[in-house]
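Engineer: Protein chains in written order, with our numbering: chain A, 1 to 167; chain B, 1 to 100; chain C, 1 to 663; chain D, 1 to 410.
Since the hints were made in silico from the structure, they are not lab data. Please note that a few of the clues may not be correct.
Claimed, not checked - With a Cα cut of at most 27 Å, we get these calculated DSSO-like pairs of lysine-lysine:
no., chain 1, residue 1, chain 2, residue 2
1, A, Lys26, D, Lys383
2, A, Lys26, D, Lys152
3, C, Lys166, C, Lys585
4, C, Lys452, C, Lys384
5, C, Lys452, C, Lys585
6, C, Lys563, C, Lys550
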Amino acid sequence: MTAPLLVFFVLAGLAVIGAVSLILQKHPIHSALSLIVVMVALAGLYLLLGAEFVAAVQIIVYGGAIMVLFVFVIMLLNAGVEEHTSISKMAGAPGLLLVVALAGLVAATIVRSTDSIQGTMQTGVMSSTSGVSNMIFREFVYPFELTSFLILVAVLGATVLAQREKS
Amino acid sequence: MVPTNYYVILSAILFGLGVFAFIFKRNIITIFMSIELMLNAVNLAFVAFSQALGKLDGQVFVLFVIVVAAAEAAVGLGIIILIARNRQTLNVERVNLLKL
Amino acid sequence: MPTYPMLEYLWIIPLLPLLGSAVNGLLGAKWSNKIVNSVATGSTGLSFLAALEAVREFFESGQQLFHKEFFTWIAAGNFRAGFDLQMDQLTVVMVLVVTGVGWLIHIYATGYMAHEGGYYRFFSYLNLFMFFMLILVLAANYVLLFVGWEGVGLSSYLLIGFYFLKKSAADAGKKAFIVNRIGDFGFMLGMFLLFRAFHTLDFQGIFTSSTLQGWPVELSGHLGTLTFACLLLFMGACGKSAQLPLYVWLPDAMEGPTPVSALIHAATMVTAGVYVVARSHVLFIHAPTAMLVVAIVGCATAFFAATIGLVQTDIKKVLAYSTVSQLGYMFLACGVGAFSAGIFHLMTHAFFKALLFLAAGSVIHAMGGEQDMSRMGGLRKKIKWTFATMLTATMAIAGIPPLAGFFSKDAILFSAFQNSGGQHLLYLFGLLTALLTAFYMFRLIFLTFHGKPRYDEHHVHVHESPWNMLVPLAVLAVLSIIGGWLAAPALWGGPNYFADFLAPVFGSPAGVEAASEGAVGAHQLELVLAGVSVGAALIGLAVAYWLYLKRPGKADGLAHSLKPAYTTLLNKYYVDELYAAVVVKPLLWISTVVLWKTADVAGIDGAVNGIADGARAIGDGVRHTQSGNTRSYAVWVVVGAIVIIAVIFFWPFGFRPVVGVVR
Amino acid sequence: MNSFLNTNAELLITVVKIALLLFIVLTVNAYLTWFERKVVAHIQSRWGPHRVGPHGLLQPLADGVKFLFKEDPTPAGVDKFVYYLAPLLALALALTAIALIPFGPDPIRLLGHDVYLGIAPPDVNIGILGLFAITALGVYGVALAGWSSNNKYSLLGGLRSTAQMISYELAMTMSVVGVLLMAGSFNLKKIIEAQAHHPEWGIFGWNIWPQILGFFCFFVAAIAETNRAPFDLPEAESELVAGFHTEYASFKFAMFFIAEYTSMITVSCLCSILFFGGWLSPFPASWTFTHYVPPAILILFGLWVIWDGLHYETIFGRMILPVIGFVFAGLGATFILLPRVNGFIQAPFWLLSKILFFLFVYVWMRGTLPRFRYDQLMAYGWKLLLPLSIVNVIITSFVILAKMQWWGAK
């Protein structure tokens, strides 16, 4: 049981627990908090994987912006405890079966596909920050620009959506 | 060193949980969060693979995913605010105007 | 600048009317009649002048045949149908007739149609007709000719149905169109046959390969390719030129405005058949059987139509039947190999028949739309000009020397007498027809212009037509007087200028061949025959005079005494009824019961409606999945994901998508 | 025991360091409150705390005791878990932020281990990013507190501070990009060293000069991040009683309090590190004699304290103040006597002095500036700071590019 493995299991457990509690919690704020836990844990995993930049961005953007937005909205709408209706029949037992099937399939597929790269495990941390920036601004510059446009559009759209129509 | 499989299986689990939440939660905001959870699971897989293959593409892609998630959150929350304003509820089962 | 600009740019001649038609049709609705007039008559007149110039240049260049390929229209394999125009003596005659007469009739129409609705429409159609007709006569291959052929059919249809609110007019238009389709069908088959035989449809190609390459002359009674082709082409000609058994549409076509009747159904279009036969005379000469058929049909039509014409009371109907019978004359001429005579008669007939129609139109105009001769009479004083011109035309058609009709008809009868292989049946019938013609034409004159008025003078105010209707009458009258003199010298042994003029196309005319054995005998014979035909004409005149002026009412008595014959004639031998019973009824039945009730309603509609119902049913089933509950939709999304991933996972073939991605 | 020391020395040292830092930070916080009250009082021409101990020096102790022993009611209908979580979160994050800041370049050899000043080793690749990450999470403390305490004032305060923090975080991050571009690294140590690129320039080599715009944006945004005046709307007592911590009493309130002051310290550290050369002395490197400035200052300060204490009105003060002054003077003297130690304390001394200066600026602003209105706050953040910082980024990158192009620098 090497240290990294230990850290991994701790963080992984944290993440899974967070995800489960996201499901079990009745109040959206609690769900949000559990999700934040998951994200922080994932950030730790990224660090473990040597992707510091991604980890930082994960926390700053996901933890510091997106989830804050969620919490903010929950507070703004003063969302109460989730009311437990079950009108949809699909989302009952059949849904459960389907989810299990999906998860199983995904896991199987991924595992099978990772068998082929067992040998090629890279050891050692690559200096990811500069490398990532190089890739973003060299090879992926057009996607980058596109995403920036996407963000712009999204911001405008959100503004238009959320503003009360002047009457 | 942690085998890639572990990361990948973890991401699969998280993804499954996300799907589960996506279906079985009734609060729009929570459903949104479950979508974010799925995205995170995918990101984990990306980073794991990129590290395993010694390529950075995966990390770059994760960044893009995060950006898209941010955009999605902005718009989606705007929509949610609208829904809450107009229908006084956050329960998706009460928002069923799509019905014939 | 080419030496012969108008020949180089021959396409200008047909183009001008097309432009006129387009301009009038598209913009004319807003315009005043004046502008429409100037456009229509202007374009036609210009194309007439262009034609004159082209003809001048043609003779100046002194070439046998001018032929120019403007652009390739259809190119398939080794088959080429180009927009090729050609000009030779035959074309010269046709072009001049078409444009000249057409122009005069345009001018006339400006007066005649002055008070009609759809003025611009009328002239647009008329110009369109001019365009197609010119294409027809200028074409250098059968395909382009066929384009013009169909085009004139179309514009004829449009113009017959010009008063489309009148049911009879609309029906007449349809009838003309359908009957023509039958002929066109034959025509197309003929073209295919020709292409199969000669691998081209250019006139030059066919004619040279059929003459120079020594295509065998198919003996009479022997049915070879050429015979069939010629018969099929002639079938088309029958349709267009209203020969037996397809003549039935022409009398009904009189529903159209009178200028139309004059231009299309007397002067130009109906002669297209004759033109085609003459144009492909080379083939016909190689197919004696076909020639014989042509001659017999022509002769029969001539007599048949004339007999019907005897009893008609509608002034235009009379003229229509006379047209049919004159066309029969032309085919008779072609059938006996006297193509030049046929064309000659075509020309003169264009003159005096157009004149007759226009004059009749003027009469109708004067009578305020009255067409029934039994309600006319005594118009002689009131409309002198019309009377004079119409009398001229009548004498011309009746074959009174020295008017145009005399010479042309005489030429035909003469060649019929000579080339009808011994027995003179064709000639006799021709002569009889001439007599009948004279009779019913003068009957028309006497009923219309002489005797006491049979209409009430208080309502109808008879008035002479305006100048722009009279001028064309005058011009045509002059033409129908002098039109025949080109052939006059042939009578006293001189050359037949017209025949010589067409000689490059048709070879030496039939009359001269005959003269070659003994010119003198030929001359006597010709003079004798001329005398005979004049006699026949005069007899006809006399009978008409006796029946309708000396003893009015005698005609009715005669009609009573010969009741069955009279009614038969009056009902045009019940041909229409026959067709209705034999062709139309079964056709209607088939199309109603089989095509409509069975195929369409049961089959097609059934299929379509069935599909629609199926779709609705499926929709009814599926719409329950649209619960509007987002969570259910989410589950469906999951289902989709499962399917996709399952496909990836259980991918049956060697290539594994996911693994491929990871590698 | 010994083996345990040897094997887990790293861990042990870290633990000790954490405990030490905690102690220091908490003390500093305590005396920061005293400092603030004093300064504000003098700005408003009052005496400020004066009763408890000489110059009210024992006031913080009294406050601490009060915090500890006050009754701690939990209001009805609060979301217990979150209600307790919030202050913990706030404090923990604030302290963690401090942990990432290096206080000196070179380590001390201790039991065969390099011991750096500051908990994290100074060359963390993503130091500044980590700091931002933590400050970004800092929002939750306030927001959750406001939401959980089931009180409309708290809720409004929480909403306000959330919005405010999100808005100004952008400006803050953007304004730092200029510095990062110049240093070419996220590493705080590298950033400081980049400012010593021309050793002889001394104070003129600091980022403050080329990045004056960035500094302005950063400082303003940072003040807003810490919810300090003039951006202290979340706890605008005139409108919201006490904002998000209205319902918090005694120690939980203290946690928020400490968190706030800690983040003040963090911000001051960041300001001095990013823009004011961190632990670099303002003098050219070659002037070795300037190494005697810190001890000199200490001695002078000590002497002044002694002199001031000698005729203080109360007997207790006359006893205690000279002692303190003597300690300071003694420290200065020892530094002079031990050059190696003197050389070592240069860096921390300058850094701390800069931090003190910024803390003073904080207090100064609070004493002088009126509070913003909410709409003004938002407009200011979105319409002025963000564009300005972006402009700063653009200009900086262009200049750097130009340097690379024409003067072939770097």
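Engineer: Would you mind marking each hint as holding or not holding in the structure?
Structural biologist: Taking the hints in turn, this is what the structure says about them:
| no. | hint | result |
| --- | --- | --- |
| 1 | A:Lys26 to D:Lys383 | 39 Å, violated |
| 2 | A:Lys26 to D:Lys152 | 22 Å, holds |
| 3 | C:Lys166 to C:Lys585 | 23 Å, holds |
| 4 | C:Lys452 to C:Lys384 | 16 Å, holds |
| 5 | C:Lys452 to C:Lys585 | 45 Å, violated |
| 6 | C:Lys563 to C:Lys550 | 22 Å, holds |
Of the numbered hints stated above, those contradicted by the structure are hints 1 and 5, listed in ascending order.
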